[in-house]
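Q: Spelled out from the first residue to the last, the chains are:
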Amino acid sequence: MTQLTMAKSINEGLRRAMADDPKVLVMGEDIGKLGGVFRVTDGLLDQFGAQRVIDTPLAEAGIMGTAVGLAFRGFRPVVEIQFDGFVYPAFDQIVCQVAKLHYRTRGNVKMPITIRIPWAGGVGAAEHHSESPEAYFVHTSGLRVVAVSNPQDAYVMLRQAIASNDPVVYFEPKRLYHQKGEVDLDVDLADAPPMGLARIAREGTDVTLLTYGAQVSTAMDAAIAAEDDGVSIEVIDLRSISPVDYRTVAASVRKTGRVVVTHEAAREAGVGAELVASVTEQCFDYLEAPPVRVTGHDIPYPPAKLEKHHLPDLDRILDAVDRVLDRPNSLTGVEV
Amino acid sequence: MMHTLTPTADPATDVDDVARLLTPDGERIADHDLDPWVDDIDAEALRGLYRDMTLVRRIDTEGIALQRQGQLGLWAPCRGQEATQVGTARAFRADDFVFPSYREIGVNFVRGAVASDFVLAWRGEAHSTFNPYDINTATPQIIIGAQVLHAVGYAMGITLDGTDQVAAAYFGDGATSQGDVNEAMVFASSFRAPVVFLCTNNQWAISEPVTVQAKFPIAGRAPGFGIPSLRVDGNDVLACLAAMRWATDHARRGNGPAFIEAVTYRMGPHTTSDDPTRYRDKDEVERWRRRDPLARVEALLRGQSEFSEEFERDVAAEADRWGADVRSACLSARTKEPIEVFDHVYDEPHVGLESQRAQFAAYLEGFTSAELSTGSDAAVGGTTR
Numbered sequence: 011m012t013q014l015t016m017a018k019s020i021n022e023g024l025r026r027a028m029a030d031d032p033k034v035l036v037m038g039e040d041i042g043k044l045g046g047v048f049r050v051t052d053g054l055l056d057q058f059g060a061q062r063v064i065d066t067p068l069a070e071a072g073i074m075g076t077a078v079g080l081a082f083r084g085f086r087p088v089v090e091i092q093f094d095g096f097v098y099p100a101f102d103q104i105v106c107q108v109a110k111l112h113y114r115t116r117g118n119v120k121m122p123i124t125i126r127i128p129w130a131g132g133v134g135a136a137e138h139h140s141e142s143p144e145a146y147f148v149h150t151s152g153l154r155v156v157a158v159s160n161p162q163d164a165y166v167m168l169r170q171a172i173a174s175n176d177p178v179v180y181f182e183p184k185r186l187y188h189q190k191g192e193v194d195l196d197v198d199l200a201d202a203p204p205m206g207l208a209r210i211a212r213e214g215t216d217v218t219l220l221t222y223g224a225q226v227s228t229a230m231d232a233a234i235a236a237e238d239d240g241v242s243i244e245v246i247d248l249r250s251i252s253p254v255d256y257r258t259v260a261a262s263v264r265k266t267g268r269v270v271v272t273h274e275a276a277r278e279a280g281v282g283a284e285l286v287a288s289v290t291e292q293c294f295d296y297l298e299a300p301p302v303r304v305t306g307h308d309i310p311y312p313p314a315k316l317e318k319h320h321l322p323d324l325d326r327i328l329d330a331v332d333r334v335l336d337r338p339n340s341l342t343g344v345e346v
Numbered sequence: 021m022m023h024t025l026t027p028t029a030d031p032a033t034d035v036d037d038v039a040r041l042l043t044p045d046g047e048r049i050a051d052h053d054l055d056p057w058v059d060d061i062d063a064e065a066l067r068g069l070y071r072d073m074t075l076v077r078r079i080d081t082e083g084i085a086l087q088r089q090g091q092l093g094l095w096a097p098c099r100g101q102e103a104t105q106v107g108t109a110r111a112f113r114a115d116d117f118v119f120p121s122y123r124e125i126g127v128n129f130v131r132g133a134v135a136s137d138f139v140l141a142w143r144g145e146a147h148s149t150f151n152p153y154d155i156n157t158a159t160p161q162i163i164i165g166a167q168v169l170h171a172v173g174y175a176m177g178i179t180l181d182g183t184d185q186v187a188a189a190y191f192g193d194g195a196t197s198q199g200d201v202n203e204a205m206v207f208a209s210s211f212r213a214p215v216v217f218l219c220t221n222n223q224w225a226i227s228e229p230v231t232v233q234a235k236f237p238i239a240g241r242a243p244g245f246g247i248p249s250l251r252v253d254g255n256d257v258l259a260c261l262a263a264m265r266w267a268t269d270h271a272r273r274g275n276g277p278a279f280i281e282a283v284t285y286r287m288g289p290h291t292t293s294d295d296p297t298r299y300r301d302k303d304e305v306e307r308w309r310r311r312d313p314l315a316r317v318e319a320l321l322r323g324q325s326e327f328s329e330e331f332e333r334d335v336a337a338e339a340d341r342w343g344a345d346v347r348s349a350c351l352s353a354r355t356k357e358p359i360e361v362f363d364h365v366y367d368e369p370h371v372g373l374e375s376q377r378a379q380f381a382a383y384l385e386g387f388t389s390a391e392l393s394t395g396s397d398a399a400v401g402g403t404t405r
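Chains as they are written, first to last, in my numbering: chain H, 11 to 346; chain D, 21 to 405.
No lab work stands behind these hints, which were simulated from the structure alone.
Some hints could be false.
Chain D is faced by these chain H residues, among others (derived, beta-carbon under 10 angstroms) [as the list claims (entries may be wrong)]:
| id | residue |
| --- | --- |
| 1 | ARG62 |
| 2 | PHE96 |
| 3 | TYR113 |
| 4 | ARG154 |
| 5 | PRO253 |
| 6 | LEU335 |
| 7 | PRO338 |
| 8 | ASN339 |
| 9 | SER340 |
| 10 | LEU341 |
| 11 | THR342 |
| 12 | GLY343 |
| 13 | VAL344 |
| 14 | GLU345 |
| 15 | VAL346 |
Derived, one-sided and incomplete: chain D residues facing chain H with beta-carbon distance under 8 angstroms [stated by the list, open to error]:
| id | residue |
| --- | --- |
| 16 | PRO44 |
| 17 | GLY46 |
| 18 | LEU140 |
| 19 | GLY144 |
| 20 | HIS147 |
Simulated crosslink set (DSS-like; lysine-lysine; CA at most 25 angstroms straight-line) [claimed, not checked]:
| id | chain 1 | residue 1 | chain 2 | residue 2 |
| --- | --- | --- | --- | --- |
| 21 | D | LYS235 | D | LYS302 |
| 22 | H | LYS120 | H | LYS110 |
| 23 | H | LYS190 | H | LYS110 |
| 24 | H | LYS318 | H | LYS190 |
| 25 | D | LYS356 | H | LYS110 |
| 26 | D | LYS302 | H | LYS120 |
For glycine and all other residues, C-beta sits at the position ideal for the given N, C-alpha and C.
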C-alpha cells in the first residue's frame, strides 16, 4: 500500500498497462512532453517513446477515428480527451463507430478503446471545462461507462477498462486529481471487484443515497452529518453507470425503502432519471416515499463564481433526505 | 517561399483536366508519369480488367432489379464508376487493408467478396456480411467520410508494426467537405502514415453538384496538407490502375500518404430511392454515357484484334452466373431469430442488456413461430419468405 493522488494512480495504471501489453497506446493532445494538462501521462513518453505515447493534432474526431483504425489493427488505444467539454467533436466517431463496430461486424472487429475524460466541475474553470456529459454515453448502447471516486478504484478500474474488449468511457473527476488515498498497485486484477460492480461506501438503514464520481465525497459528508441527526444513510458508489449494478442497488433500497440520487449533471433525462425509474420498477412495493434527485440545475454550466450554487452540496443532499423521510424541508408547503 | 494558388472559374468541373491513358474513343495515349506504372499490362491483363468491370456491372444491374422487385430495401448503384473501383483496387496487395464506402461494389468484388456479400445488408438481414479480416476490407461505411480516419489510424498501426502494408480509404466528392476527411489528411501527413486516399469525384452528392463542395479541383487540396496528389480520368481503368500503383508504392516506401481524385460520373441515382431527373439534365448524362469505362477498353482491344467473340461470350456467361448467384443468395437469405438482435452489442457480458434479453425472450415465449415471422416481415417492404 502506498499513498498516491488520483492523478498519480491513473498514471501508474497507464504505465503498468503499457508495460504489460505492447498493444496498449495512449494518444491525445499535449500528453507527451507536457505529460497532459493534468500531468496524468507524465513520464510515459520517456519510458515508452513517441510511437506509443502519441501527441495528436488538435482534432478530437481525428483522435477518435484514428483510434478506431488502430483498434481495427489490434491495438488497444487509450484516448485522452483534454476536457469534458471538448468531447463533442468526437461524438460522431464514438456513437456511430466506436460503439457500433462490434455489433455491425457481428463481433469480428473488437473496439477495446478506453476514452479517458477529465470530468465535471468544482475547480473554478472556464466555460466548457467543467461539464458532466455522461448521460449521452450511458444512452449509447455498445459503450461501457464508469466514473471513479478514489485513487484505488481509479487504478484498478483503469486497468480493467484497458483490458476490456469493449469500449469504455472512463470519467475521472478533476477535483479529485490531487486528493490522496491508499493505493495497492500490486492488487491482483483478476481478484479485484469487476468495474461493473457498485460499492457500498457506507452502510446505513434509513435512506439509500446513490451517486458516483466526485459526488461520492459529498455524499459521505452528508451521511456523516445526518448521523448526528439520527439518520442512517447508506451511500452507494455506483462506479459503473453503464451497466448499473442494480442487484446491489435494489438490495439496499429494499432495506431502506427510501432513495436519494445525486449527481452534478443536469437532471432532465440524466443518469438519476434512469436510476429512479429502474428502482421504482424493481422496488416499488418497498418504497416508503417517492425517490428524489439532487442534481445540477438544467442550465449550461455557470461561470466559476456561481458554480457552488449549481453543484449539489451537502446541504441540498440533506434537504432531499428530509424530503424522503417526510421531515420538514425546503419544499414543505411549497407548490412545485 | 510563398506560393499562391489562384483558382480559375469552377475548375472542379473541368472533367478533362485529368491524367489519362485511354481516351473515351479507346485510343491509347502516352502519359509520361503514368505509363511506367502499367508497362506490364498487355492485352491479356486488359481483358482481365474488362472482365472485372463487366462482372461488377452485372452484379450492380442485378442489385437494382432485386430492389425493384421488392427483394432489397435499397441499392446504391455504381454504374459508370467501374473503372475507378476496379482499376484502383487491382493495385493493392492482398494484405493491404481497404476502407470502402457503401458504393464500392467493384472494390469489394476485387477484394474477394462473394455473391451474398453484395445483397444481405441491403436486404436488411445484417449490417455486414464478410468478416473484414477475411478479405482485409472493412465493412462498407455509411457515415460520410468516417472511414477515412479509420484508414489513417490503421496505417499508423502499420507503421507501429513495422510492416510494408498500405491502408486505403475510398470516399466521394461530398465527403471532402466533412471534417473527418480533412482531419484524416492532417493526421496522415503529420504521422507520415502509409495510407492512400481515393476520392471518387462522381460529380454528385445525391442532388448537390460537386461545385457545392469544391471551387477548386479536389486533388488540389491534398498538397496543402503536404500530401502529393493526382487527378485522373476515373473512367479510364488503365489510368486508375497506374495512379493507385503510384500511390501505394509511394506509401509503401515510407514516403507517407498519397491522394488520388478519380473524375467520373454516377450514371444512376444516388440510391434506388432517389430521382435524379429532378436535379440534373439528360444531356449531361448522355455526355457521360459516351465516356463509358467499359466501351473504351472494348474499343482498344477490338482495335488490336484482341477482343474475340469467344472472350465476349465467356465473359457474358460468367456475368450471368454472377447475376444468378447474387439473386439466389438474396432469395435464399435466412432472417435471424428475433432474440438475435441482442447478439454482439458487447464482447463481454453486460448485465443490463442480459436482463433486457431475458425479458424479451420471456415475451417471445408467448408467440408461435408463425406469428413471429409474420411480425418480423415489416423490416423490408414486400419481402416474403
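Q: Against this structure, judge whether each hint is valid.
A: How the hints compare with the structure:
1. ARG62: 8 angstroms, holds
2. PHE96: Result: violated, 14 angstroms to nearest chain D Cβ.
3. TYR113: Nearest chain D Cβ about 5 angstroms off; hint holds.
4. ARG154: 7 angstroms, holds
5. PRO253: At 4 angstroms from the nearest chain D Cβ, PRO253/H passes the 10 angstroms test, so the hint holds.
6. LEU335: Given a least distance of 30 angstroms, the restraint on LEU335/H is violated.
7. PRO338: 38 angstroms, violated
8. ASN339: 33 angstroms, violated
9. SER340: 34 angstroms, violated
10. LEU341: LEU341/H check fails; min Cβ-Cβ to chain D is 32 angstroms, beyond 10 angstroms.
11. THR342: 37 angstroms, violated
12. GLY343: 39 angstroms, violated
13. VAL344: 36 angstroms, violated
14. GLU345: Because about 37 angstroms separates GLU345/H from the closest Cβ in chain D, which is outside the 10 angstroms limit, the hint is violated.
15. VAL346: 31 angstroms, violated
16. PRO44: 37 angstroms, violated
17. GLY46: 40 angstroms, violated
18. LEU140: 11 angstroms, violated
19. GLY144: 14 angstroms, violated
20. HIS147: 4 angstroms, holds
21. LYS235/D / LYS302/D: This hinted pair holds, its Cα atoms lying about 24 angstroms apart.
22. LYS120/H / LYS110/H: 10 angstroms, holds
23. LYS190/H / LYS110/H: 37 angstroms, violated
24. LYS318/H / LYS190/H: 23 angstroms, holds
25. LYS356/D / LYS110/H: 19 angstroms, holds
26. LYS302/D / LYS120/H: At roughly 46 angstroms apart (the allowed maximum being 25 angstroms), LYS120/H and LYS302/D break the hint.
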